[in-house]
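S.K.: Kindly produce the complete structure, drawing on both the sequences and the hints.
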Amino acid sequence: MLSSHWPKLLMLIALGMSILLPVVIGLGEALRAAFGILPALGRHSFSVNAWQQLWQLPGLISSLRLTLFSGFAATIMALLLAIFGSSWVYNSSLKLSFLGRLKPLVQLIIVPVLAAPHAAIAIGLAFLIAPSGWLVRWFSPWLTDWTLPPDWATVQDLWGLSLTLGLVIKELPFLWLVCLVALKQINVAKQMSLAQSLGYSHSLAWRKIIIPQLYPLIRLPVMVVLVYALSTVDMAQILGPNNPPTLALVTMRLYTDANAQMLLPASAAAISLAMLMVVSILLWEVCVRGLMLINKVSIRSGGRASKWTLLGTTLITALPISFILGLLSLLVLAIWSITWRWSFPEAWPTSWSFDYWLQLLTEWPLALKHSLITALISSGLALMLAVIWLEVQDRFGGHFYRATLWFIYLPLLVPQIAFLYGLKVSFLRLGLSGGIGTVIWAHLLFVFPYVMLSLVDSWRALDQRYLSVAKSLGSSSWTCLWRIKLSLLLRPLLIAWAIGMAVSISQYLPTLLIGAGRVESLTTEAVSLASGADRRLVGVYGLLQALVPLLAYSCALLLPRWVTLKHMK
Amino acid sequence: MMTLLNYSRATQLSIILLMTSLGLLSQLTHANATPTSAPTPKWQQTIDQGAGDTVYWHAWGGDVRTNDFITWVGEQTEILYDVKVKQVKLSSTSEAVTQVLAEKAAGQNTDGAVDMVWINGANFLAMKEQELLHGPFVADLPNAKYLDLSPNAPATVDFTEAVAGLEVPWRLARFVFIVDSKRVTKAPLSMAQMLTWAKANPGRLTHPVVSNFMGTTFLKQALIELTPDVSLLQQPATEQAFITATAPLWRWYDAIKPHLWRAGKNFPENESIQQQMLSDGAIDIAMAFDPAAAAAGIASGLLPTSARIFVPSLGSLGNVSFVAIPYNASHKAAAKLVANFLLQPETQAHMQNINILGSFSVLDPTQFNETQAQVFADLPTSEALPTLTDLGPTLLEPHASWSVKLKQQWSQRYSQ
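Keeping their order, the protein sequence lines are chains A and R.
So for the first sequence, this note's numbering puts the first residue at 4; every next one is plus one.
So for the second sequence, this note's numbering puts the first residue at 5; every next one is plus one.
These are calculated hints, taken from the structure and not from any lab test.
All the pointers check out, no bait thrown in.
Some chain A residues near chain R, calculated using beta-carbon distances under 8 Å:
#1 44
#2 246
#3 247
#4 260
#5 427
Result set (BS3-like, lysine-lysine): computed pairs, CA atoms no more than 27 Å apart in a straight line:
#6 A:372 / R:88
#7 R:90 / A:372
#8 A:106 / A:569
#9 A:193 / A:299
#10 R:132 / R:46
#11 R:132 / R:411
Just so it is clear, CB atoms sit at the ideal spot from N, CA and C, and this is done for glycine as well.
M.R.: If you want it as structure tokens, here you go:
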């Protein structure tokens with residue numbers, strides 16, 4: 004009996020050393036700094052000054068309100084739209100309409116926005132909807148009579164509406180993809196036709212039967228979206244108001260303040276942000292459970308009347324709008340990347356140039372190489388670790404791993420900048436500095452939780468009967484893993500890998516700080532250039548940055564089909 | 005057709021670039037070969053130590069022209085000294101400070117990752133106070149002879165903080181306003197005029213957010229003009245002095261705020277965004293810390309060809325960009341070779357060339373020989389590039405404590 008614990012212990016130790024320890028050490032350093040201890044700055048004694056400094060920041064309450072509003076509103080909307088979108092994909096009665104023909108293409112339509120970096124979507128969207136932006140330019144001056152843009156707050160509005168919109172546009176494809184993958188594990192068609200034969204409308208059946216089964220499968224990815232929305236720096240910087248900005252941006256400003264002593268209140272802000280996220284997650288969970296309870300009551304009542312028309316109409320309008328805005332944001336960036344000048348109110352660039360693309364030919368091969376190596380290795384390692392971790396749990400069971408699982412998600416809950424400093428210090432103490440290996444390790448800390456998150460629910464939802472049958476037919480555990488689990492879960496596995504690739508490609512601070520600036524990547528180039536606000540350059544790098552994840556996602560979506568076809572033959 | 009036109013412009017530009025760099029190169033190698041510039045034994049030692057190394061120069065990477073200039077510097081130093089330069093592009097200089105700080109915390113007092121950093125003002129102060137800088141070394145550089153290092157000369161003071169030989173100046177920064185001369189024919193040349201202008205053109209004026217240094221600079225510029233006793237600003241800001249000195253500033257700001265872009269409730273994140281807004285037509289006045297900003301913006305297509313610079317009649321704030329070497333840098337000797345190369349008159353002339361960077365030289369022209377002076381005199385001009393006389397007097401940066409207090413006080417008053 005005891006021996007069966009060994010693999011699990013070994014696995015825990017391995018994961019602990021490689022993933023948990025660095026994070027905990029980094030976090031510990033931030034915690035110490037928040038309470039006044041930062042030896043490098045000559046601060047050695049405990050104090051709560053940093054917290055006082057933080058509370059006294061003007062506009063902190065507005066920052067908090069703004070953060071919570073945009074974070075929750077964006078997550079709720081993106082989730083509603085994703086679930087609604089999935090229901091539309093499965094709605095057979097719409098098959099004949101024009102939109103119905105788009106269904107097989109859905110996955111292809113969502114991939115570009117999914118793969119694009121957050122900052123690229125934000126910059127594209129900002130240009131699209133600004134008073135001086137593309138949409139206004141189409142109608143100016145012939146319709147609007149504007150030769151100069153009006154002073155309207157369509158971007159960076161004080162309520163964070165444009166920030167919310169940007170977040171919805173970017174997160175919707177992620178959640179939709181996650182939903183579609185999860186739905187493959189539920190026998191939707193059969194259940195729906197049964198429900199409809201009992202007199203439930205499509206939308207009602209979806210709400211009462213499918214959603215309660217779907218939500219548990221996508222719970223963790225929804226948390227990721229919530230956490231991202233609450234903590235985003237790059238989207239908030241471009242689309243959010245800045246006097247005061249969101250809490251994440253307040254933290255960032257403190258960290259990058261020229262006065263190094265500000266590292267102390269900055270650490271306090273980072274810890275507060277982490278606590279805010281934990282509280283938000285709990286709040287979200289409580290609300291969802293409440294809703295599920297209400298839903299259960301309504302399921303029991305057996306009512307067939309559909310009362311969701313208003314919501315339905317809103318969703319059916321919002322869904323295509325969100326996608327069109329996302330695609331237009333990317334399109335406009337692509338146009339900018341070959342623009343020389345484009346003045347208001349011209350609807351199209353006034354002069355074109357391929358200069359930036361040509362310039363890149365000499366500069367990007369090394370950055371691309373670094374990005375590719377780091378992404379391939381870190382996502383591959385993360386996927387491997389995730390599979391081993393889950394398989395160990397399957398074989399040797401245990402409950403306490405649920406608790407340890409939460410630790411894996413720590414890197415997603417704490418602002419990167421907060422624990423990267425401590426992490427950097429501990430890596431240096433270990434004599435690890437600047438190499439691409441260290442960067443890969445640092446990436447792994449962020450890639451692994453994402454891979455795990457996107458895989459874990461599907462893994463657990465795998466129909467255990469397949470395994471029982473296989474075992475009764477005498478297959479070993481290894482055959483079960485290889486021939487059944489991994490091949491049945493090929494799609495979620497590949498999606499998890501692709502998400503890992505995208506996460507790795509987008510890492511800025513870990514690459515710069517842990518790589519000591521020695522490992523230049525597409526993203527370190529792009530982010531430093533983006534601080535100069537040249538839309539043409541952002542266009543070029545944004546597209547390049549999107550390219551690698553785009554290939555990974557396409558591969559993840561197409562490969563399973565190809566494999567199935569091959570099996571059929 | 006448009007594409008073709010641009011291609012030809014790009015080709016022309018690259019030919020000019022190629023020619024200038026080739027021309028310079030021959031001058032440089034020539035200068036190096038002349039017996040008058042034979043290195044001292046100590047400097048020869050630096051040359052020998054540095055040879056074969058790569059200098060990791062941590063520098064803000066948001067400006068393509070600066071990045072290209074740094075690449076060019078590396079090409080030159082490789083030929084001259086066998087020293088390569090690798091720019092580590094930062095989005096904020098504090099990232100380099102954090103890097104060195106982390107190394108110090110980990111006890112890594114040698115073999116640091118940062119060899120050289122583009123720095124000034126508060127970041128310099130932070131590194132100096134934490135003893136994170138190598139030096140003094142400026143006087144050891146042969147080309148330091150071209151600098152005016154007399155007490156209180158601009159190259160020896162960084163935001164009122166003594167440079168103390170810890171950093172080498174490499175480009176001049178002057179605070180300027182940029183306008184689209186097609187839209188603004190009469191620029192407001194004082195803060196009082198700016199108020200009148202803002203009232204007449206509501207929503208067409210703004211400044212970068214005050215947590216950004218350009219936003220603070222705008223407030224400092226206004227403060228210098230409005231405060232009763234400018235000399236106070238050179239002292240550390242006491243509570244009482246701050247209240248009396250800034251009272252007129254806040255009265256002025258309260259009056260102008262409702263007429264700013266978005267009624268003064270939101271601000272551009274930094275000066276690049278502000279210039280983009282000028283280019284988009286969303287506002288009429290932008291700001292920069294570079295007299296060549298308009299000309300450079302036109303040359304890179306970021307600003308309309310009608311963009312022009314103006315400076316308040318009183319003059320404007322000026323400061324110097326420096327490079328410093330961290331105390332634990334891996335390649336100190338090589339970094340010194342690069343810093344010395346930056347001070348070469350030919351390098352500074354290349355940098356001042358509007359087709360390259362357009363930043364004014366930090367050197368003292370009285371130290372030039374005839375050929376060197378001629379190189380500067382032969383530099384191409386641009387309609388959008390002001391001459392030094394156009395720029396008027398340089399106003400001294402206030403003591404660093406004023407910026408900190410201005411930032412705090414502004415947030416207290418105007419961040420809700």
